[in-house]
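S.K.: What follows is each chain in one-letter form.
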Amino acid sequence: MSKIFDWQLVFTEIPLLLKYLPVTIQLTLIALIIGWVAGLLIAIVKIHRIPVLQQLCTLFVSVVRGTPIIVQLYLTYFGIPIFLKYYNFYNGTSYNVNGIPPIIFAIVALGLNQSAFDSETIRAAIQSVEKGQVEAAKSLGMNGLQIFFRVLLPQAVTVAIPSLGNSLIGLVKGTSLAFTCSVVEITAQGKILAGNSYRYFEVYCSLAIIYWVITIFIERLFTYIEKKMSVPEQIAEKKEA
Amino acid sequence: MSVVEIRGLCKKYGSNVVLDHVDLDIEEGDVVAIIGPSGTGKSTLLRSINLLEKPEEGTIRINNKEINLTTRSAKEKLELRRYTEMVFQQFNLFKNRTALENVMEGLTVVKKIKKSEAKTIAEKQLEKVGMGDRLSHYPRHLSGGQQQRVAIARALAMEPKLLLMDEPTSALDPELVSEVLVTIKKAATEGNTILLVTHEMNFVKNVANRIIFLENGKIVADGTPKQIFDNPDNERLKEFLVKIHMLENTEYAI
Chain B
385 MSKIFDWQLV FTEIPLLLKY LPVTIQLTLI ALIIGWVAGL LIAIVKIHRI PVLQQLCTLF
445 VSVVRGTPII VQLYLTYFGI PIFLKYYNFY NGTSYNVNGI PPIIFAIVAL GLNQSAFDSE
505 TIRAAIQSVE KGQVEAAKSL GMNGLQIFFR VLLPQAVTVA IPSLGNSLIG LVKGTSLAFT
565 CSVVEITAQG KILAGNSYRY FEVYCSLAII YWVITIFIER LFTYIEKKMS VPEQIAEKKE
625 A
Chain P
116 MSVVEIRGLC KKYGSNVVLD HVDLDIEEGD VVAIIGPSGT GKSTLLRSIN LLEKPEEGTI
176 RINNKEINLT TRSAKEKLEL RRYTEMVFQQ FNLFKNRTAL ENVMEGLTVV KKIKKSEAKT
236 IAEKQLEKVG MGDRLSHYPR HLSGGQQQRV AIARALAMEP KLLLMDEPTS ALDPELVSEV
296 LVTIKKAATE GNTILLVTHE MNFVKNVANR IIFLENGKIV ADGTPKQIFD NPDNERLKEF
356 LVKIHMLENT EYAI
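Chains as they are written, first to last, in my numbering: chain B, 385 to 625; chain P, 116 to 369.
It should be emphasised that the hints constitute simulated quantities derived from the structure, not laboratory data.
Warning: the hint list may mix true and false statements.
[To be verified] Listed next, the in silico BS3-like pairs over lysine-lysine satisfying Cα-Cα at most 25 Å (straight line): (1) P:Lys-210 <-> B:Lys-515; (2) B:Lys-515 <-> P:Lys-127; (3) P:Lys-300 <-> B:Lys-515; (4) P:Lys-234 <-> B:Lys-612; (5) P:Lys-230 <-> B:Lys-612; (6) P:Lys-300 <-> P:Lys-276; (7) P:Lys-210 <-> B:Lys-612.
It should be emphasised that the depicted structure is a prediction, and the values quoted were computed from it without experimental measurement.
With the rest of the complex left out, here is chain B:
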């Protein structure tokens, strides 16, 4: 009888899974950038209470936060083709749904999901900067953009970093659902490998190890960034600016 649990396989499969790590990283990074940029825009809309847009953003955030990510992946996977069909029908165009690489669906869904969660973090972080500093900047004669990029954003980032790190970790793990959009990343590859060998448990052990290591790396990275960006506890010794 073959072994009940094949220890070796857990480790020999890791390199095979890692071949698809670039897909996981690609999914994560692009969704992250979409998430931060869209999250920032949503935050700005909410802070400035821009009519109509504000209500739309609130609705969007509420829907995204109120539905599971796997449902969102299905919605984009099936929704974008339907939307394209309508678009083609009414505009007489002939965009081909099959021409869209499946990874786009996953990136859109993950990115929008990320933006909904990050927008609240970013909004709170920006609003945590004292109004007085904005007044001081105005009084110095800075314009809106200068105030935003030189006063608000640097301080907001310091506040937001820990939460953004957490949400990034969530995103990395969320990419494991991208197989629902027929994207082959490490989890999907794991399923394929296991389908051949029927060693499901071993593959999932390998996957757990990989995700865990990635998460530890991200945690460390964000702790480092947080430390770098925050005002030092101790008074610096004669450091020249």
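Go by the hints and put chain P onto chain B.
M.R.: Relative to chain B, chain P alone:
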């Protein structure tokens, strides 16, 4: 000719009139103190001049340039703010920047001065307020008095035509007040034009050359410290001075 001429400044919050057609001329090198009971629009007057509040009416002529205080033009707002600088009650230093960077910020970002030059100016200004040995300290590592001195250096570095000071010592521990007052006095003797809201009556008496008593959004009395403190001719002013124990005339003492 006056450096600053304010005409018909009005500010309301809802139906509450805070400033009621205030006219004010300030000569170059003047140190003008605004006194008055709380809620009479002292701070609002200062903040309106810097457009941190939006007045309903009023014009200001500063540096021979007339600007409508209700202007919506970003360019005019920036121009007015470039001629005026504000020192706040709560200091409002940029918390993520060192003392030196705080003073350099306006110079490099607004005035577009080269970094090396800005650094020289900033160091000189910080030296003047006695903070030359705290250049790389962050605000959280400074006491309130030190933070306020950095804030004064930050404002003076911009070489404003008019320096606005909104209760600069009100948020300080009593023992830290004098170091800031000394700094303000120094700025005054160096010829800066200052408009100051404060409750430090002895300081006002010594440093200001003109005092304005504001009540219910109107300038009720306007004169030298001698006229205001020694010969108040306005009943309301007398009452105010009695309340803050500045009038030695026993006739009014309780």
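S.K.: Taking the hints in turn, state whether each one holds.
M.R.: Hints, one by one, checked against the model:
| no. | hint | result |
| --- | --- | --- |
| 1 | P:Lys-210 <-> B:Lys-515 | holds, 12 Å |
| 2 | B:Lys-515 <-> P:Lys-127 | holds, 21 Å |
| 3 | P:Lys-300 <-> B:Lys-515 | violated, 28 Å |
| 4 | P:Lys-234 <-> B:Lys-612 | holds, 23 Å |
| 5 | P:Lys-230 <-> B:Lys-612 | holds, 23 Å |
| 6 | P:Lys-300 <-> P:Lys-276 | holds, 17 Å |
| 7 | P:Lys-210 <-> B:Lys-612 | holds, 15 Å |
Hint 3 from the list above is the single one not met by this structure.
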